[in-house]
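Those protein sequences? They're chains A and B, same order as listed.
Quick note, the first sequence lines up with residues 1 to 178 if you use our numbering.
Quick note, the second sequence lines up with residues 1 to 261 if you use our numbering.
Note that these hints are calculated values from the structure, not bench results.
All values derive from a computational prediction rather than experimental measurement.
Glycine residues also receive a C-beta, built at the ideal position from the N, C-alpha and C atoms.
Below 25 Å or equal to it, Euclidean Cα-Cα: the simulated DSS-like pairs (lysine-lysine) are: (1) A:K138 with B:K4; (2) B:K4 with A:K126; (3) B:K73 with A:K50; (4) B:K21 with A:K162.
Which stretches of chain B does chain A cover? Using the computed rule of at least three CB atoms under 8 Å from a CB of chain A, they are: (5) 13-25; (6) 53-65; (7) 208-222.
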Amino acid sequence: MMKVKDGDLDKLGLLFERYNRLLYSFFYKKTFQPEVSEDLVQSVFERMLKYRSTYSGSGAFTTWMFSIARNAHIDHYRKHKKHNEKEELDEERIVGSNPEFGEIDERTKRKRILELALARLEEDKKEVVILSRYEGLKYAEIAEIQGVTESAVKVRFFRAMKDLKGIAHTLSEEYSDE
Amino acid sequence: MNKKYEKLIAEYFGSELSEEKKAEIEKLMASGEIDLIDFKAMEQLHDELDMVAVPEPSPEMSNRFYQMLEEEKASTRSSSNINIVEKLNELFAAITMPKLAYAFVLLIVGAFIGSWVGNSNSELEELTTQMQAMREMMVVSMLEGASTTDRLRAVNISAELPTADEKAVRALLFTLSNDESTNVRVQAIETLKKWSEDERVREGLVNAIGVQESDIVIIALADAMIELGLERSKTEFENLMKERQLNVSVKEKLQNTIAAL
Chain A
1 MMKVKDGDLD KLGLLFERYN RLLYSFFYKK TFQPEVSEDL VQSVFERMLK
51 YRSTYSGSGA FTTWMFSIAR NAHIDHYRKH KKHNEKEELD EERIVGSNPE
101 FGEIDERTKR KRILELALAR LEEDKKEVVI LSRYEGLKYA EIAEIQGVTE
151 SAVKVRFFRA MKDLKGIAHT LSEEYSDE
Chain B
1 MNKKYEKLIA EYFGSELSEE KKAEIEKLMA SGEIDLIDFK AMEQLHDELD
51 MVAVPEPSPE MSNRFYQMLE EEKASTRSSS NINIVEKLNE LFAAITMPKL
101 AYAFVLLIVG AFIGSWVGNS NSELEELTTQ MQAMREMMVV SMLEGASTTD
151 RLRAVNISAE LPTADEKAVR ALLFTLSNDE STNVRVQAIE TLKKWSEDER
201 VREGLVNAIG VQESDIVIIA LADAMIELGL ERSKTEFENL MKERQLNVSV
251 KEKLQNTIAA L
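Same shape as in the complex, but just chain A (with noise of 0.2 Å):
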């Protein structure tokens, strides 16, 4: 990144080939939309080429990054002002595509209730799953990111963890009964 801040815009080439997915996985978790998360993809890049000046270098590139993709998933919800239909729209998304309970195998409903209940999640806890969880980042990057302290991130993932649990479980009963 110090390069492209440098002037070398090439080497932003190489830095979507290492991360574009990195960030797809992200986006798409966080909505489970596919070409939201392609879009999303798209305005983090443009962000790092307009604010590259402002890359310091101090920390790790992936904190950076994220809190780019955290901003820009935070201003698409807030220009398109759908956040309240948003988790109805993930969960038709989740349900709709799909054929009716009662005829897929037992893996495939614990995968969709694990999505629906992923959806349900409240975004900033969501979001420290993601990181943590499917991102791998530790807890004070996710801090950093956040713009919380370390200690705050620990007992949002627990609740996070304790909330997805719950869902899951009502969910579960929801669907035993179809």
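Using the hints provided, position chain B relative to the given structure of chain A.
Leaving out everything else, chain B in the frame of chain A:
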């Protein structure tokens, strides 16, 4: 019950526990201060999260990125001082491009009138051949142009050519080894891949490995070699690793490519 130890449990799941704290958590579970059933259920859920799958992004995502990068580079360049040679090249491109475009339009109009008046198959075939020849000429000429955008456009036009013409293949291989823009080179690889049944193309792609400086082009060539199953490229990649100080990630990628081939 586990609420009191939420930070400690979070550290356990984040693999951030020291040996000392690991012993502490085991002790708390043994004494019942941490509810074991609750803890194990959370641990199982943590493992199960692997089931949440992510689809592949579309190739359009990559195309959009490189287009944006190209535009940014163009605007950066235009804001800086352009040297005299570049100015002359641009002037030359400005003179030739409209002429070529005009000729192309005339040819299309001619083809339309011809098919309307004559309606003869042989004439149509002849016109189609002429149109393709014209396209190829346009491609070759545009590839020599000064503007990166034009050269990128030329490579894209060449991708639409139904067959691999010798001149177009030669021009694209020359572009792959000599063009100053990484994006043009990467696009040339994509186009050449479509003509990979042609031995000249396969040979040209392998030979182009040794002359590349850009990490992105080397990676794109590595991907192409795997896709086309060109085993003979292994030697080229091995030489590249011996002779150059490559970036760690590129080196890793090449080692994986060689192993895959």
